[in-house]
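> Chain by chain, the residues:
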Amino acid sequence: MTAAGLAASFWNLANPTRFLALSGRVLPWLAGLAALVTAIGLYMAFFTAPPDYQQGDTVRIMFIHVPSAWLALFLYAIMSASALGTLVWRHPLADVSQKAAAPIGAAFTLLCLVTGALWGKPMWGTYWVWDARLTSVFVLFLIYCGIIALWRSIDDPGRAARAVAILTLVGFVNIPIVKFSVDWWNTLHQPASVFRLDGPAIHPTILTPLLVMAVGLSLAAVALHLSGMRTEILNRRIRTLTILQADHPAEGGI
Amino acid sequence: MSAFLALVRRDLTLAARIGGGGFLSLLFFLVVVALVPFALGPDLNLLSRIGPAILWLAAVMATLIGLDRLFQADEEDGSLDVMLGAPLPLELAVLAKILAHWITTGLPLALCVPLFGLLVALSPEGMVAVAVTLLAGTPGLTAIGAVGAALTATMRRGGLILAVIVAPLMVPTLIFGVSAANAALGGTVPFATPLAILAAISLTSLVVAVFAGAAALRGGE
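Chains as they are written, first to last, in our numbering: chain A, 27 to 280; chain B, 267 to 487.
Hints listed in this document are in silico derivations from the structure and should not be mistaken for laboratory results.
Incorrect hints may appear among the rest.
Unchecked claim - In silico contact screen, one side only, chain A against chain B (beta carbon under 7 Å); selected entries: (1) V165; (2) L168; (3) I169; (4) G172; (5) A175; (6) L176; (7) S179; (8) R188; (9) A189; (10) I192; (11) L193; (12) V196; (13) I203; (14) V204; (15) S207; (16) W211.
Stated by the list, open to error - Over 12 Å on every C-beta distance to chain A, these chain B residues come out as not near it, computed from the model: (17) A269; (18) A272; (19) F294; (20) L301; (21) L306; (22) N311; (23) L313; (24) M327; (25) V348; (26) P390; (27) E391.
On a predicted model such as this, the values are computed, not experimentally measured, just so you know.
The beta carbon of each residue, even a glycine, is placed where N, CA and C say it ideally should be.
Throw the hints in and build the complete structure from the sequences for me.
Below you can see the structure in the form of structure tokens.
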């Protein structure tokens, strides 16, 4: 396929109606695959992976915790790419993709924090420590919450999308700075008291289930994202129809 | 350039007039600093140890409180439309607004720290250190807040959402502001290192804020 042809098919896909048709066909398969891979990953995590020699069975929390942390960042990256699409090409599908990614990203960030807290209780003796990694994920969660709050406070969808896109990109620049400054702050305030995974390379019996879980949860995230986008497109159509009907009450048949 | 200066002068004049609330944020700063000893108890040793942190937190809150009217008032009386159509680039207009706002909030806060430092028993070196860090850091706080103010310019009740979206972005400034002030009071790091990073964050925030703020104002139309 030529570059022009490829671009044309991309723009065809970018038509919301075509997107609805195509994603409607892909979505059940994607969701099924996500469930299958996640089920295999969970089985491996619970039955084939050995317990850690120090941490015992609590190390199995990692198989949810680590992919959640990856996906929290991955969905922010999707949101930032969509924000560029909104600002540069003013594309309605980019708006929709941005809006659908925010709650999923916030959910994975929260999942990462909650599993981390549950893991921290037996390991560190407390649910929460102001460790550098926990703190930066916490700030990421606050940024996600701010983005969702901004979505919910502007009623015109186009204007809301442009406002959120600017906030998302400012956050995108800020997140590495937050990470860096929290690391600095943490070394000033408390010595590294936390175990790290950086010692020897992770053994394959642990790494394989982790990767399978990561693939499964990523597929689930993409499926949720597609489904969220479809819901948002339909919501916008309902909104447009309602406005039309309010403008022409006689034709609306009420 | 004259348009830029005229905009700064207009905002300063508005802030100084009745209803402008130019020095309200300074008063708010004083009230917050005064509330802390009531919560923590009058132990001067404790207060002097966390003094820089108190002053910085109060500065962040005073900046957040004052910012929601930054573009909202212009949006209501129509001067924002004039700025959008003016030959002066909107980016420069945003910079002028940030500068004027900083002169009426951040600058007085930094200059009054020697006075307020007495309330939390800061040593003279500590007061100078906090004043220097506030001078370097408050432009960054105002700049980050200005993005939020531009995003919420058309909202009727923008104050709360502004604080929610802007506060997480202020974390780096707060960290380096407080650690620079603490470093000056004696610590393991030299004073100049966190101060240089703080200044870098402020300058970066200014650049980002000028463009993001202008884009937000254009998008809000």
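> The output says A269(B) does not contact chain A. Does that hold with a beta carbon cutoff of 12 Å?
Holds: least Cβ distance 25 Å, greater than 12 Å.
> Over 12 Å from every CB of chain A: does A272(B) meet that, or does the non-interface label fail?
The claim holds: A272(B) sits with its nearest Cβ about 27 Å from chain A, beyond 12 Å.
> Beyond 12 Å on every Cβ pair: is that true for E391(B) relative to chain A?
holds (19 Å)
> Does the interface hint hold: is V165(A) within less than 7 Å of chain B, judged Cβ to Cβ?
Hint holds; V165(A) Cβ to chain B Cβ min 5 Å, cut 7 Å.
> Against chain B, with CB atoms and a cut of 7 Å, does the hint on A189(A) hold up?
OK, holds: A189(A) within 7 Å of chain B, min 5 Å.
> How about I203(A): closest beta carbon in chain B under 7 Å, or not?
Since the shortest Cβ distance to chain B is 5 Å, the answer is holds.
> So, as I understand it, the hint says V204(A) touches chain B; can you test that by seeing if any CB pair is closer than 7 Å?
holds (5 Å)
> Just double-check P390(B) for me: nearest Cβ-Cβ distance to chain A has to come out over 12 Å.
Non-interface label on P390(B) holds, nearest chain A Cβ at 24 Å vs cutoff 12 Å.
> Go through the hint on L176(A) and say holds or violated, using the shortest Cβ distance to chain B against 7 Å.
holds (6 Å)
> Taking the closest Cβ pair, is R188(A) under 7 Å from chain B?
holds (4 Å)
> Does the CB of V196(A) sit less than 7 Å away from some CB of chain B?
V196(A) check passes; min Cβ-Cβ to chain B is 5 Å, inside 7 Å.
> Checking a non-interface call: every C-beta of chain A should be farther than 12 Å from the C-beta of L301(B). Is that right?
holds (24 Å)
The structure meets every hint from the earlier list without exception.
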